[in-house]
Amino acid sequence: MSFLPFAHALVTRQDLPIPAWLFAWAASIVLIVSFFALSAAWRTPRFEQEHWRPLGAALSRLLLGGPLQALCGLVSVFLLGVAIYSGLRGTEAPDRNFAVTFLFVTTWLGFPFFSALLGNIFRPFNPWRAVGRLAGSTFRAIAGQRSGRLAYPERMGRWPAAIGLLAFVWLEVVYGSSGGVAVGLPPHAAAVAALLYSAYTLAMMALFGVEEWCERGEIFSVYFGMFSQLGAFGVEDGRLGRRRMLSAATHWATIPGSAAVVIASIATTSFDGAQEGAFKAAIESVFNWLVDRGVGLTASLRLTDTVFLLLTFAGVALVYALGVRGMRTVRGAPSAAKLRVGFAHTLIPIALAYLVAHYFSLFVFQEQAQVTYLLSDPLGTASADLFGTASGGIDFHVLSSNAIWYVQVAALVVGHVLGLTLAHDRALVYWPDYRQASRSQYWMLAVMVAFTCFGLYLLSATG
Amino acid sequence: MTLPLAHLGHFLWIFYVMPVVIVIVGILRSTMVERRKERDDPTAPGAEGGPRTDKPARPQDPPP
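Chains as they are written, first to last, in the working numbering: chain A, 3 to 465; chain B, -1 to 62.
Note that these hints are calculated values from the structure, not bench results. Since this is a predicted model, take the numbers as computed values, not measurements. For each residue, glycine too, the CB sits at the ideal point set by N, CA and C. Careful, some of the hints might be misleading.
As the list claims (entries may be wrong) - On the chain A side, residues computed to face chain B include the following (Cβ under 10 Å):
| no. | residue |
| --- | --- |
| 1 | S30 |
| 2 | F170 |
| 3 | V332 |
| 4 | A335 |
| 5 | A452 |
Claimed, not checked - So these bits of chain B aren't anywhere near chain A, every CB distance computed over 12 Å:
| no. | residue |
| --- | --- |
| 6 | E32 |
| 7 | R34 |
| 8 | D38 |
The task is simple: from the sequences and hints, build the whole structure.
Shown next as structure tokens:
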């Protein structure tokens, strides 16, 4: 292939045995084969019941007990404090400052990965929940009664978290990419945003209650909690237990706005991947158009990126809506609203797959920085070497470009097959006749193939 | 002679869209075939008025 004059070639992995687009075809074939295998062999719903079994009482007491919860809360508040202090007082170079990597890599990417494996581990490590609970306990001790609170509006559901999720990613990939530094969000802006978010979250917790806000409105609790629904570990009635994998997800999306959260997750990851690849030419066109009309450079860039971020959200929502509309055409289908809510959880494995595919290499590389020089010199001013690792660096040879590609393809295929499985299982609840259920899933198959090919295209275009 | 393929990379997205198009065409075609079958034979499984379980449709009794 090297003799072909690809002036603006998107093929950057020339050491792959086959062209990147053939992986999209192979992934589509895997999905189609999985679809027929499910149609033939999966005739009763299996995920509606969690089959929850408690783990040892001693283990539950240890992991869910007050002392460990308090310790986790203390650690998380301390680390949040370090991040804010580093952001405010440290270097303005994002890659040398503890704040940006800690907030946008370690926390933002680490918790989804580990929540899917281990359950909702963010709950004890949520710094705002820890502060909110401490404040509530103190108030009770002093006043002798619980503080009054408002009833959370049912219709608001998880919409605050969905909007917050878009805002958080906007801060990183739109505001950050055009904020005057070469790459990434200025640490000072990250610290100010963390302070503002802390004040907002604590105020909402005071208004609606700590647990209520964490369940519905707090961005990170909702987002990380969503991924924890896929895993085999969960807490029920104050006890730690094991359940059938994926089963908890079937009940997650019943709260209004849940579909928006999972769609926002896929859309924000897609936009981040497409910004420098698939959407680059279109973004440049709109940007130039705005600049030609006298809009300032920074404003034009932010406006263009914001529009494309929202368009990506609308595009992902539209693909899902088309899948739902397709299901509605099958006889015996419930209402469109019920289908929209009923199948939203099938997008959670896809959201995780997109996250792994797009960011796992970043996570592997940046975590080396996090546990070496960023931890030893949080401010990035070469003024401290707390653990003797300030001179450490990132070994980029840990992962080869081929290994990254294969992990990306595997993540996307596995995520979409799991999504297809969840969708088929839910269809069997709505259509007792398994043939009708399978027929209803033709359209979800199209949705899954579309998301898979789109994801692989974004990755191949980014290079 | 060098082939004029300088901008071929811009059209690679077509290869990623093709599987989606093939699946959608397959779905539309099979949906139309099934609808036609239901129209022609309303007692077929899954058809309106036909059996709704996963048991195969029983043949109609011959008229007396």
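Hints, verified against the model:
no.	hint	result
1	S30	4 Å, holds
2	F170	29 Å, violated
3	V332	9 Å, holds
4	A335	13 Å, violated
5	A452	5 Å, holds
6	E32	7 Å, violated
7	R34	14 Å, holds
8	D38	16 Å, holds
In terms of the numbered hints stated before, the structure departs from hints 2, 4 and 6, listed from lowest to highest.
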